[in-house]
Amino acid sequence: MSRFTVAQQRHNRRVMVLSLVYAAVLMAAIYLFKHQLVTGAAAWAAAILPGLATSGFFVLHGRYLMEEGDEYQRMLQTRQLLIGSGIMLTFAVVWGFLEGFGLVGHIMAWNWAVIWLVGVGIGALVNVIVERKGA
Amino acid sequence: MTNRLRVLRAERGWSQQDLAERLEVSRQSVNAIETGRYDPSLPLAFKIAELFGLSIEDIFTSPSSQG
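Residue numbers (the numbering used here), protein chains in the order written: chain A, 1 to 135; chain B, 1 to 67.
If we strip away everything but chain B, and leave its shape as in the complex, we get (with noise of 0.2 angstroms):
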């Protein structure tokens, strides 16, 4: 699954460490998600979303509409 969270993290000049500090997680999570190596769970992606005051739509595309 594709997402927008490496140019949103990058408007806020914020480093995957920071993210990864204001979602409670590990560096290595914001990574694997960034690449799409990973795909974060429901309360995980809403926690992204509400972080970045966006919806999960704006951040993450759909597997279905990407053809």
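One chain only, chain A, in its complex shape (with noise of 0.2 angstroms):
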């Protein structure tokens, strides 16, 4: 039997998909500008496109949520998601205050949506880490 429940199963799947609809997306989209193929409103759509893919992330994470069944596993993610989230609002925080008293260098905005994922990772491996504690 999978370690997985179906509906992580799913989710899985899903971010292995949109995983390659972001790559392909933002690889298209630097292409363009690189070799200036994009003015106007195109380049407007070419340069939203990979924060709309990315935005994907948030709602695959928002729609496993709701499908899976399993309380303590929706419990297990719901600490993911808010330590993920802690950590990146964190860090934009002091990065802003750090950044407006000018000790450090700006920092594009997409970069929070990184660190958000990252966090969520290490949101994971507190899971695992209480998991096996208490096993």
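FYI, nobody ran anything at the bench for these hints, they're computed from the structure.
All values derive from a computational prediction rather than experimental measurement.
There are no misleading hints in this set.
Chain A is nowhere near these chain B residues, computed Cβ spacing over 10 angstroms in every case:
1) Asn3
2) Arg4
3) Leu8
4) Glu11
5) Arg12
6) Arg22
7) Phe46
8) Glu50
9) Ile56
10) Glu57
11) Ser65
Derived SDA-like pairs (lysine to any residue); straight-line CA-CA distance at most 25 angstroms:
12) A:Lys34 x A:Val114
13) A:Lys133 x B:Leu23
14) B:Lys47 x B:Ile59
15) A:Lys133 x B:Pro63
16) A:Lys133 x B:Arg9
17) A:Lys133 x B:Gly36
18) B:Lys47 x A:Leu65
19) A:Lys133 x B:Ser15
20) B:Lys47 x A:Gly69
21) A:Lys133 x B:Phe60
22) A:Lys133 x B:Glu34
23) A:Lys133 x B:Ala45
24) A:Lys133 x B:Ser41
25) B:Lys47 x B:Gln17
26) A:Lys133 x B:Met1
27) A:Lys133 x A:Gln80
28) A:Lys133 x B:Asn3
29) B:Lys47 x B:Glu11
30) B:Lys47 x A:Ala7
Beta carbons are placed, not taken as given, at the ideal position from N, Cα and C, and that holds for glycine.
From these two lone chains plus the hints, build me the complex, please.
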């Protein structure tokens, strides 16, 4: 029997597909801008699409929470997302003040999504540690 | 919240996986409930009680009665 619930298996498949879509959209956008192939509305669309693809990961996490029938797994996922969100918000606000006081350089806002994903990964690690500790 | 889940399961010769399948939850959920790391919701507590043919109070100890 799989160590993943049915909802987790579905979620993992969706994340893999979305990762491929995100990579394709990002590479296409970089190519279009690098070769100056888009201007005006097309440039806006090409620049926005990678961000929209990234937001799909947030949607998938929410969808998984809705579909997971195992309440304990739902609690673990909620904790994982809260840890990830807490880490990202802490980094964002601390960096914002540092930047505001001229102590660090500017970083592009899409980095916060990357930090959120790293934070969610740390949340998963916390869950594994808590699971092993109590087993 | 303490409970007698491990004892009741052992009396029937069920593994955590067996119980998990009967309750339609993951093995981790059964482990978390048995070790007191997770208190089940009322619907799941009823499901557990019905599976063992007992009342919820026969399986789970009320925190207020633990002193």
